[in-house]
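Go by the hints and put chain P with the ligand onto chain H.
The lines below spell out each chain.
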Amino acid sequence: MSDQQQPQLPPGWQATWDQNAQRYYFVHIESGTTQWEPPVAVAEQQPVTSPLPAGGPGGVHHARRRQYAAGQTQAYLGADAGMGYGQPPAQGAPGDGYGQAPVGQQGAQLFTPGLEGDQQLQLQQGQPQYYGQPQPGYADAGKPQHGPVDQLVNQFGQMGMGQQGQKPFQLHTVNLVGMPIDPRELLADPPEMRLPPGACISNNPMANADPSYQRCTLNAIPTTHSLLNKSRLPFAIILTPYRSLKETDDDLAPPVVSDTVIVRCRRCRTYINPYVTFTDGGNRWKCCMCGLANDVPQLFDWDQQRGQPADRWARPELNYSTVEFIAPSEYMVRPPQPPVYIFLIDVSYAAVQSGMVATATRTILESLDRLPNIDDRTKVAVIAYDVALHFFSLPPGSTESNMLVVGDLDDVFLPQPTDILVNLTESRAPLEALLGKLSDMFKDNHAVGSAFGPALQAGYKLASPTGGKIIALSANLPSLGPGALKNREDPKLLGTSQESKLLQPQSSFYKTFAIECSRSQVSVDIFLTGSGYSDVATVSGLPRYTSGQTYFYPSFNASRSEDAMKLAHELSTLLASPIGLEAVIRVRASRGLRMSQFHGNFFVRSTDLLALPAVPWDQSYAIEMQIEETLNQPFVVIQTAVLHTTSFGERRIRVVTQAIPTTQNISEVYASADQIAIATLLANKAVERCLSNKIEDARDAVMNKMSDILGAFKTNMTAAGSGASAQLSICDNLKLLPILLLGLMKHVGLRHSSQIPSDLRSYAHCLLTTLPSQLLIPYIHPCFYSLHNMPPECGTIGENGVIMPPPLPLTSERLERHGLYLIEDGQTMFLWIGRDAVGQLVQDVFDLPAYDQLRGGKATLPILDNPFSQRVNAVINKTREMRRTPYWPHLYVVKEDGEPPLRLWALSGLIMDRADQTPSYVQYLTQLKDRVSQGAGGDSWYSELNGAVRM
Amino acid sequence: MGGWWLFLFAVLGAAALLFTMVFFIIMFSDLECDYINPIDLCNKLNQFVLPEMIAHAILTVLFLLCGQWFTFLLNVPLVLYNANKVNKKNHMYDATEIFRTLGGHKRECFFKLGFYLLSFFYYLYRMILALIQESER
Ligand SMILES: [Zn+2]
Numbered sequence: 001m002s003d004q005q006q007p008q009l010p011p012g013w014q015a016t017w018d019q020n021a022q023r024y025y026f027v028h029i030e031s032g033t034t035q036w037e038p039p040v041a042v043a044e045q046q047p048v049t050s051p052l053p054a055g056g057p058g059g060v061h062h063a064r065r066r067q068y069a070a071g072q073t074q075a076y077l078g079a080d081a082g083m084g085y086g087q088p089p090a091q092g093a094p095g096d097g098y099g100q101a102p103v104g105q106q107g108a109q110l111f112t113p114g115l116e117g118d119q120q121l122q123l124q125q126g127q128p129q130y131y132g133q134p135q136p137g138y139a140d141a142g143k144p145q146h147g148p149v150d151q152l153v154n155q156f157g158q159m160g161m162g163q164q165g166q167k168p169f170q171l172h173t174v175n176l177v178g179m180p181i182d183p184r185e186l187l188a189d190p191p192e193m194r195l196p197p198g199a200c201i202s203n204n205p206m207a208n209a210d211p212s213y214q215r216c217t218l219n220a221i222p223t224t225h226s227l228l229n230k231s232r233l234p235f236a237i238i239l240t241p242y243r244s245l246k247e248t249d250d251d252l253a254p255p256v257v258s259d260t261v262i263v264r265c266r267r268c269r270t271y272i273n274p275y276v277t278f279t280d281g282g283n284r285w286k287c288c289m290c291g292l293a294n295d296v297p298q299l300f301d302w303d304q305q306r307g308q309p310a311d312r313w314a315r316p317e318l319n320y321s322t323v324e325f326i327a328p329s330e331y332m333v334r335p336p337q338p339p340v341y342i343f344l345i346d347v348s349y350a351a352v353q354s355g356m357v358a359t360a361t362r363t364i365l366e367s368l369d370r371l372p373n374i375d376d377r378t379k380v381a382v383i384a385y386d387v388a389l390h391f392f393s394l395p396p397g398s399t400e401s402n403m404l405v406v407g408d409l410d411d412v413f414l415p416q417p418t419d420i421l422v423n424l425t426e427s428r429a430p431l432e433a434l435l436g437k438l439s440d441m442f443k444d445n446h447a448v449g450s451a452f453g454p455a456l457q458a459g460y461k462l463a464s465p466t467g468g469k470i471i472a473l474s475a476n477l478p479s480l481g482p483g484a485l486k487n488r489e490d491p492k493l494l495g496t497s498q499e500s501k502l503l504q505p506q507s508s509f510y511k512t513f514a515i516e517c518s519r520s521q522v523s524v525d526i527f528l529t530g531s532g533y534s535d536v537a538t539v540s541g542l543p544r545y546t547s548g549q550t551y552f553y554p555s556f557n558a559s560r561s562e563d564a565m566k567l568a569h570e571l572s573t574l575l576a577s578p579i580g581l582e583a584v585i586r587v588r589a590s591r592g593l594r595m596s597q598f599h600g601n602f603f604v605r606s607t608d609l610l611a612l613p614a615v616p617w618d619q620s621y622a623i624e625m626q627i628e629e630t631l632n633q634p635f636v637v638i639q640t641a642v643l644h645t646t647s648f649g650e651r652r653i654r655v656v657t658q659a660i661p662t663t664q665n666i667s668e669v670y671a672s673a674d675q676i677a678i679a680t681l682l683a684n685k686a687v688e689r690c691l692s693n694k695i696e697d698a699r700d701a702v703m704n705k706m707s708d709i710l711g712a713f714k715t716n717m718t719a720a721g722s723g724a725s726a727q728l729s730i731c732d733n734l735k736l737l738p739i740l741l742l743g744l745m746k747h748v749g750l751r752h753s754s755q756i757p758s759d760l761r762s763y764a765h766c767l768l769t770t771l772p773s774q775l776l777i778p779y780i781h782p783c784f785y786s787l788h789n790m791p792p793e794c795g796t797i798g799e800n801g802v803i804m805p806p807p808l809p810l811t812s813e814r815l816e817r818h819g820l821y822l823i824e825d826g827q828t829m830f831l832w833i834g835r836d837a838v839g840q841l842v843q844d845v846f847d848l849p850a851y852d853q854l855r856g857g858k859a860t861l862p863i864l865d866n867p868f869s870q871r872v873n874a875v876i877n878k879t880r881e882m883r884r885t886p887y888w889p890h891l892y893v894v895k896e897d898g899e900p901p902l903r904l905w906a907l908s909g910l911i912m913d914r915a916d917q918t919p920s921y922v923q924y925l926t927q928l929k930d931r932v933s934q935g936a937g938g939d940s941w942y943s944e945l946n947g948a949v950r951m
Numbered sequence: 001m002g003g004w005w006l007f008l009f010a011v012l013g014a015a016a017l018l019f020t021m022v023f024f025i026i027m028f029s030d031l032e033c034d035y036i037n038p039i040d041l042c043n044k045l046n047q048f049v050l051p052e053m054i055a056h057a058i059l060t061v062l063f064l065l066c067g068q069w070f071t072f073l074l075n076v077p078l079v080l081y082n083a084n085k086v087n088k089k090n091h092m093y094d095a096t097e098i099f100r101t102l103g104g105h106k107r108e109c110f111f112k113l114g115f116y117l118l119s120f121f122y123y124l125y126r127m128i129l130a131l132i133q134e135s136e137r
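Protein sequence lines, in the order shown, are assigned to chains H and P.
Residue 89 in the UniProt record's numbering sits at position 89 of the first sequence, and the numbers go up by one each step.
Residue 49 in the UniProt record's numbering sits at position 49 of the second sequence, and the numbers go up by one each step.
Looking at chain H on its own, in the form it has when it is part of the complex (with noise of 0.2 angstroms):
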């Protein structure tokens, strides 16, 4: 194309190079838009333009609409096959294609010339992304993908770092009032980090932390308390030291230094750095933390291998953030430990019946391959239980196992010293043959009854000597021995202010067994299969503080595919996963600034310090932190370690570093606030309110805090001070913060309802307080995507895998009768079908003659031999695949006119519209503008009103 020559522009623009995508884009000098097309080819592309009356949302659209909907059956009944359905010729008419989107309002958008209104969401929204432009798929943002504004201030920022120094932060201010929401815009880098020259010796991009490791709600931070507190934002960060990588993403391991010379500070052991400076011709480093002057060792400079002198500079820990370390004996307390698995399954009736038991013991068998176990070290023991223990002597070299039954729960002990928890390599031929008839072994089992906690007990005292992952699986609520639960659910407690009482534990005997676990270093993960019941809120303690993970699945039947499929992945993708044993993880921060809070699951050991008795992959912490004295630095460190074993048995500590500006500005405060990471801390922030005081409380909390923010900012940076205004101003990085809170406040966990079983909110607890934030961003926020009318190479392999449809703003509006839509929020998929869906559409995804056969619930998609099937299972494929996570969502189908609990379910996920007693978005922005209006008065505005509750 001629992309690569500079075209001929219309007045008042110009062409900026992009070094990234290596090609033109295009900036109107006055507006501050920037786009990929050139501006002139836009102007020409639209002949016809019908001019929209400026901020009207009602009627006009939806005659658009109708119009577009009656044309769209039209085109796809006519459609030929290459040209996708209902997609009008690609470039020639993008008008079209689009037009049909209607427009939410357009109050805070800017005009450029040869554009209405209308075209220029359009570009922001899809065109420079999907015509004529090679991009990265839609898991993968890139810098195009930012917002016109954002990237202009990217293109200051690296001006101001490139050429004239240091340059105030450019503070964008929105109008949240009539500001259409880009969903992509959620996908965009956090705020860019702008430390002062010289503050890092390496200049590798991967010097600071990546932020899918470690990110911080504010990326400059301020050097006093007060000003912090003037801002009003939440200051954290949000940690996944131990995160998978995805060979998609380019990821790349981190590097690991292996020659056991690990320099540290004397006074304050902070790990050597990118940041430290080199003193005294080289001889000494002083701490960029506590400021100390160390002696460098001479190793370092010496490459052991060769046995000759190396090149500092080279090393791994002076150019990468992330790092790990091969630690020496001194950083373990006792030999490496081998990776332990106990398996704990449940084979009483209803779990036999279920099928949960062949399931389970068919994914393990499949598993045993993938089960960490490259030095023949794994061990491995199997537990079934129902009203009794059934232990099992694998001894090696035999093929057959032997069971043996032990019927006292109040003391569980073990019914012999040796062959029950077993080398796998050498037990293997008989663990096969266990796992391979157990189902079949209970397979005419009546025994009703859960002897859970024994169970887990039994495990304890074989894992306890060397620690260790119970994987326990059950389907049934706790009902004999030790840990015994009642069944408290009760109806009329739910949507009330006791319903927070549900989601306490009954028992304290979960937190209690926990203890014991953490510090024998054993890990719980737990698989609750139940039908009915399965106190989900006392059950998920043990998780919590072992650092395991608590699955759900609700009603599991495995004569459904999909149920045996979610359940076999996710258990296969957990026994895969390496693990890292008997860990700690502390945090260290420079002088000044102090850990006050951690939310995640582990057991708090010391005042930094966290214990996880096995760092599960993809878990995230997050850590509140505070200003103590004024930071007098120019910018802070803040390092966290995790030390660790392999599951190859090397001792290993994983270095994630972070330096962050600071800054006596209020502005800087704010254009560098992290919205992804703020909403990921309140996430945490609002559960636990949940459980400590009601639900109720929590929402208000969150409310609270994002009219305080609200308000703090109008107060601080806008003209209207603390007056009345019209407006409901944000900075531009912030500006997706509100949706992201009301996602929140409207989340399964929070949402005021009498509907939600407590199972469910629990549920949805635990993964508000472990999902990283690649999960839990569309988790609050869903992804929605139209699949009937979408661009012809969505679907199709680009360059960075499928490409994915441009994601929709979160509203009904965006549902057309006739249309087939996609929302899923990564735990849930929904394929939503509208009444009017044309015939040969239905034909051509599920495989049946018309609409009317089409059956609403859970699916699995059929492939079938044409372009759009093929295009619309890719998107399904790809949405499971592209984070980094151990879930199977389920898909379900969903028909419009379909059974009310399933359609409010998948509609629960348009977060924008009003649903009984949640408010719309543009409700909720009266009520926060009201609120930030009222607060008229200083600085002390609205905080001490009614005593309102407070994060």
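It is worth saying that the hints were derived from the structure and are not from the lab.
Hints are not guaranteed to be accurate.
To be verified - In the DSS-like style, the derived pairs of lysine-lysine whose C-alpha atoms are separated by at most 27 angstroms in a straight line are:
#, chain 1, residue 1, chain 2, residue 2
1, H, K501, P, K85
2, H, K246, H, K511
3, H, K694, P, K44
4, H, K511, H, K486
5, H, K492, P, K44
6, P, K44, P, K85
7, P, K44, H, K511
8, H, K492, P, K106
9, H, K246, H, K230
10, P, K89, H, K486
11, P, K88, H, K566
12, H, K486, H, K694
13, H, K566, H, K878
14, H, K511, P, K88
15, H, K694, P, K89
16, H, K511, P, K89
17, H, K511, P, K85
18, H, K501, P, K88
19, H, K566, H, K246
20, H, K694, P, K85
21, H, K858, H, K878
22, P, K44, H, K486
23, H, K443, H, K566
24, H, K461, P, K88
25, H, K461, H, K486
26, H, K511, H, K461
27, P, K88, H, K486
28, H, K486, H, K501
29, H, K486, P, K106
Just chain P with the ligand now, with coordinates in the frame of chain H:
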């Protein structure tokens, strides 16, 4: 009713309670300095929580039985506060929450320490008073 022996007993009781609180506070600061882990701390302290409350309650009941109304009323609020905690089942220290609640625990211990200290001197004064009265008789 209520001779010097009652207040002698009370003085000894208050001294014991005082020492318990000092012990608690020392343990909490040990926890902050990472000299003890929260599990051991909670196991240790939880042994003393109920005895401390019971000892204080017994003392209060003794005052009531001996008709020392004023002294009794002085102690009633703390008894009620303790009873309320036991009733809500949050009187024991929870190792998983200890760092979140440490500030509150310390405040409570300092308050009790102050209260027992004042009680100690008050009981001592009353004991001496009672002894003087006895000897004058
Ligand atoms: Zn230091």
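Verify the proposed pairing of K511 of chain H with K461 of chain H, using a straight-line Cα cut of 27 angstroms. 17 angstroms, holds
Would you check the hint for K566 of chain H and K246 of chain H, treating anything up to 27 angstroms between C-alpha atoms as holding? 20 angstroms, holds
Assess, step by step, whether the Cα of K88 of chain P is no farther than 27 angstroms from the Cα of K566 of chain H, and give holds or violated. 41 angstroms, violated
Given the hinted pair K246 of chain H and K511 of chain H, is their alpha-carbon gap at most 27 angstroms? 34 angstroms, violated
Going straight from one Cα to the other, do K44 of chain P and K85 of chain P come out at no more than 27 angstroms? 19 angstroms, holds
Tell me if the straight-line CA distance from K44 of chain P to K486 of chain H falls inside 27 angstroms. Violated, because 31 angstroms separates the two Cα atoms, which is more than 27 angstroms.
Regarding the pair K492 of chain H and K106 of chain P, is the alpha-carbon distance no greater than 27 angstroms? Violated, at about 39 angstroms.
So if I understand the rule, the pair passes when the alpha-carbon distance is 27 angstroms or less; does K486 of chain H with K694 of chain H pass? 22 angstroms, holds
Within a Cα-Cα threshold of 27 angstroms, do K88 of chain P and K486 of chain H meet the stated pairing? 19 angstroms, holds
Is it true that the CA of K486 of chain H sits at most 27 angstroms from the CA of K501 of chain H? 14 angstroms, holds
Does the structure keep K246 of chain H and K230 of chain H at a Cα separation of 27 angstroms or less? Cα-Cα ~40 angstroms, so violated.
Verify the proposed pairing of K858 of chain H with K878 of chain H, using a straight-line Cα cut of 27 angstroms. The hint holds at about 19 angstroms.
In summary, the numbered hints that this structure violates are 2, 3, 5, 8, 9, 11, 22, 24 and 29.
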